[in-house]
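Protein chains in written order, with my numbering: chain A, 1 to 328; chain B, 329 to 888; chain C, 889 to 1186.
Hint data in this document are derived by calculation from the structure and do not stem from the laboratory. Heads up, a few of these hints could be off.
Unchecked claim - The calculated SDA-like cross-link candidates involving lysine to any residue, where the alpha carbons are at most 25 Å apart (straight line), are:
(1) C/Lys1134 x A/Pro292
(2) C/Lys1161 x A/Leu303
(3) B/Lys802 x A/Leu303
(4) A/Lys28 x B/Ser502
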Amino acid sequence: MPETIPTPTTMKVKLKVKRFDPADSGGKTWWQEYEVDIHPDSTVLDSLIEVREQNDGTLAMRCACRASICGSCGMKVNGSAKLVCKTRVIDVAPNGEQLTIEPMGNQHVVRDLVVSLDTFFNQINRVEPFLQPDFVPEQGEYTASNASMENLLTSMNCIMCGCCVSDCTVLEVDANFIGPAALAKAWRFTEDPRDGKREERLKTLNDEDGGMWDCTRCMKCVDVCPKGVAPMDRIMELREAAIAAGNTNTSGYRHTESFYNSVKKNGRLDETRLAIDSAGWTNIPRLLDLAPIGIAAMRKGKLPPLMPHKSEDHQKVKDLYKSVEDEA
Amino acid sequence: MYEHDVLIIGGGLAGLRAAVEVTRAGADVAVISKVHPVRSHSNAAQGGINAPLTDRGDDWEGHAYDTIKGSDFLADQDAVEVMSTEAGEAVLELERMGVIFSRGEDGKLGTRAFGGQKVARTFFVGAITGSAILHVLFEQSLKLGLNVYEEWFVTKLIIEDGVCRGVVAIDLKSGEMHTIKAKAVIMAAGGAGRVFEPSTNALICTGDGLSLAYQAGVPLMDMEMIQYHPTTLARTGILMSEAARGEGAHLLNAAGERFMEKTAPDYMELASRDVVSRAEQTEIDEGRGIDGNVLLDLRHLGRDFIEQRLGYLQEVSVEFLGIDMAEQPVPVQPGMHYIMGGIKTDVNGATNVPGLYAAGECANVSVHGANRLGANSLLDTVVFGRRSGAHAVEYIKSVGAHSSAQEDLTSEKARLQALLDRPRGERVATIRDDMARGMTKGIGVFRDQASMEGALENLKNVKSRMGGFSIENKGKVFNTDLMFGLELEFMIDCADAVVAGAMTRKESRGAHFRTDITERDDKNWLKHTLMYKDDEAENGVRVETSDVNITKWEPVKRVY
Amino acid sequence: MKYAFYPGCVARGGAPELYDSALAVMERLGIEHVELTKAACTGAGVLQEKNLKMGDILNVRTFAMAEQMGLPIMVLCSTCQGVMSQANHRVKRDPEYLAEVNKHLAAEGLEYKGTTSIKHLLWALIEDIGLEKLKETFTRELKGVAMAPFYGCYMVRPTDALEFKANPTRETSIEDLIEAVGGTVTDFAGKTACCGFPILFINQANSMKMVANHTGTAKDLGADAMVTPCPLCHLNLDGYQPKARKQVRGDKADLPVIHVPQLIGLAMGMSEKALGLQKHIVSTKELVRKAEALPTKV
């Protein structure tokens, strides 16, 4: 009879944590390795708390509810921002691999895994994140459909953990970008039937430097958000709404419009036309800016044809557009 | 120079609601919180907020009676009347601020059923009501430009000639200590869940406010009233809202029986929380549980319904235990959740120390008495948060200049430095664990003389070790290690008061259930226990009692 | 294996070397394919900003065409992959929505039943043909050639629409390929970040920073080339590298960026011309020289 192997009651977790102490290290960071034994179903936060309580009391981090509702414990695990209270160790280190733990990105590090919340909340503040109604009922509540309130749950689920801001690829190169969290929050107000400033909000975020058009559509925020807010999807909806509301003054709009029309006309994308449309036919500096790349491409024999390729039987695509546009 | 008219300790629902009120009244106010306001534990409240809307056929006396009955008649009825009459406007006001409450067919606020009430009067946002309200109050605070001392830890109240004049606090980000003077201080620092283990509470719920007031000479009232929530998720202790039961979920034992039939045939799963927790514990103790749990069954509600109305619960169940609630029942057990006891205040949040107010979970008006109804805590925070704010504004008109004393800072700095300088000793976490496990063991769902004496002995042992713990982190910036040591000291105060109250009350009432004295004794014990910090007294706590305020409702036997 | 081949717009436009090298590789491997010449552009996520539903309809039309042919779709572009996968995911999860979409397709006699799969050439090679079989066609081992992978956002996010759970090799597909050809992987944090192409015409400064950061970092870490499965990434990382590097780092564009079929072609011993490597903005001469200096297998 083969011996039964008892199920382990503990699991070894190996962590490599990025440390930083402004007072101590002259601005330098260093890596510290830890190993703890904990319950096999534990989360990354459980293992960090074990480190802090039994191993190294100097490790600084934020955590509170342990139930993914307070938003305190965002940090990078193996390079990607996560809410560590709901990240199970076996999911990120199935074979006992060492986990690399770092503070969230794009935010100033205060100490070890603690980042300053200023970046995040300054962004939030930029969108005037409070209800601005046209009128207030003298008695009772606003009337609104349940569907309209449930629609807002997507944004209300945001616990302001900062994971999206941490991993945003635009914030990595441009601190002026208003960021995914703020835009998702702004979306909530444009969708709230009680808010009276929809047009203004859309226009501001449309016109603003670092506003809705600066998102590069990389989906990192959708990927890392622990609450399903999907900020990029909200940003796309803001763009759709801004266009529908008549905001046609951005190169982002021109880009989208050109693409849409190109496919309508040709079934395919006319890249050269797209580049020129996006710049703007009368925007001489921008057009001149495009020239070198156009010339280089031409010399290499890869300038897209000036008479664009059309897909076979592209009339069908035109008909399809008509049927959709008629329906709207 | 840090000076304000009103300083509010705690940035949760009670604190932010008070801040809004004070700002509207035109006084200068600031909130001081050891975490960013949106991290406050208010965000963990899930199910909803009660309010009788009298213009829609509900009647406030119905809510008041349900609350008083739920409290096992320990609640002060004048306070409950205030809460029930102000509830409607309090909730409607939140909606007008932007809370995305669920709606009925008519586009007006919709309700769900909740424990201890036959009328559905609980207004909600999915299963994230606390978070949804907290975030909107935070938005309002941004709109009003509220000054927040974010991540500042209060170590002491400044009491001068018996009057509260401000606080001493550490700015965690720099480690620097400061005095903040205020003409009035509102304590809204939340509960003390971490005094028990396990608990649904966040790691930050360490009874700071309770201890600070206690040290300042304010009595803590009815501290033995500890609420064990019936449905906390197995192994993790995470709260699974009463809303599940409100929406129709069943509680089953190992044999698949809805065991609530035995003790609460009328209200079943929606009996008051203490009744349900005891029923569950009995099933578990008598061998009809599964690995120390009972089952919460939502399957019959259907997937779509669960995802729409109870989305957060499904998220927790799947993420933390890998259980899909639409397919399988969820294992749950009673878990420490809320402390009905707290800083004694009147209906305006005023304590016996002029200039010091309290509101929210840290306060005890008393509206919850010996057991709190679900969805009454959120109501408590906004009603009494508002009232404290309003009253504080009136009070400060009679206060002259700010305090000029500086010695608080010097002595506090020395005290903290002494902690940092201690030689290598025991870890704070070890002492805390020992204390908390002992408290749950001795002051649990069921308790008796022996178990409580055990808790007392354990606490004595723990206290004897308090002089020997050391702080490993000697640095200044974000020294959470030091903070944990200070929080442990706060927790000990709370534990002292809980044990003293529990051993004093010689009856069973609400959440204080003694298996050696199972009956309620209105003749001798229709009273509040009041615990005062007193080094001369036995175990450092002097216990007094006071009468319960009865207006309309004579105490009767509580049957669900 | 036979596929409904969807080359996408850029492979026929600004990156013709991708089309040519892909066809050459597929021929060498004997992969049968029928080009979906009637299929429209996927919208690349841009069209979807104006009208998400329109984008979904265009893509579902393509799926229906392939479904009629009974063939899985093969694409050459990360963006096509991602946009199509997301559209597929949306309609498969929501039968009501799919019915709405199909309503518009009825006029053309098309109806999507939800059975089409979409695979990038790289995934098809790893999952359907297998790296071992692929290696049999190699005539040289690219030993000592260091390559930095650059996936392109749409190929790695969101993981549910891209079915990563069921196909875990997708997470490391380029790295696996680099190892299969005998090269070494230059790992760097930006490999799954954005190349900046989507905002090229909107915020060029930021776009250039991204290009400079990724190509510069990979070069600093010793890469001989960057490999990408996305021609849109290629347009930016190759086409705009000179401008970006000069503007942001003050140095020269010195990191050639090649397409996946070009890497495979090099391992198969194909010529620079056959693979269109001379069409790149950033010279591939050094890379080609290094590859051609390696011993050929007999």
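Pair hint outcome, C/Lys1134 versus A/Pro292 [Cα-Cα no greater than 25 Å]:
holds, 14 Å
Hinted pair A/Lys28 and B/Ser502, Cα distance within 25 Å
Status holds; Cα separation ~18 Å.
Is it true that the CA of B/Lys802 sits at most 25 Å from the CA of A/Leu303?
Outside the cut-off at roughly 64 Å; violated.
Pair hint C/Lys1161 and A/Leu303, alpha-carbon separation not exceeding 25 Å
holds, 18 Å
Of the numbered hints given earlier, the model fails hint 3 alone.
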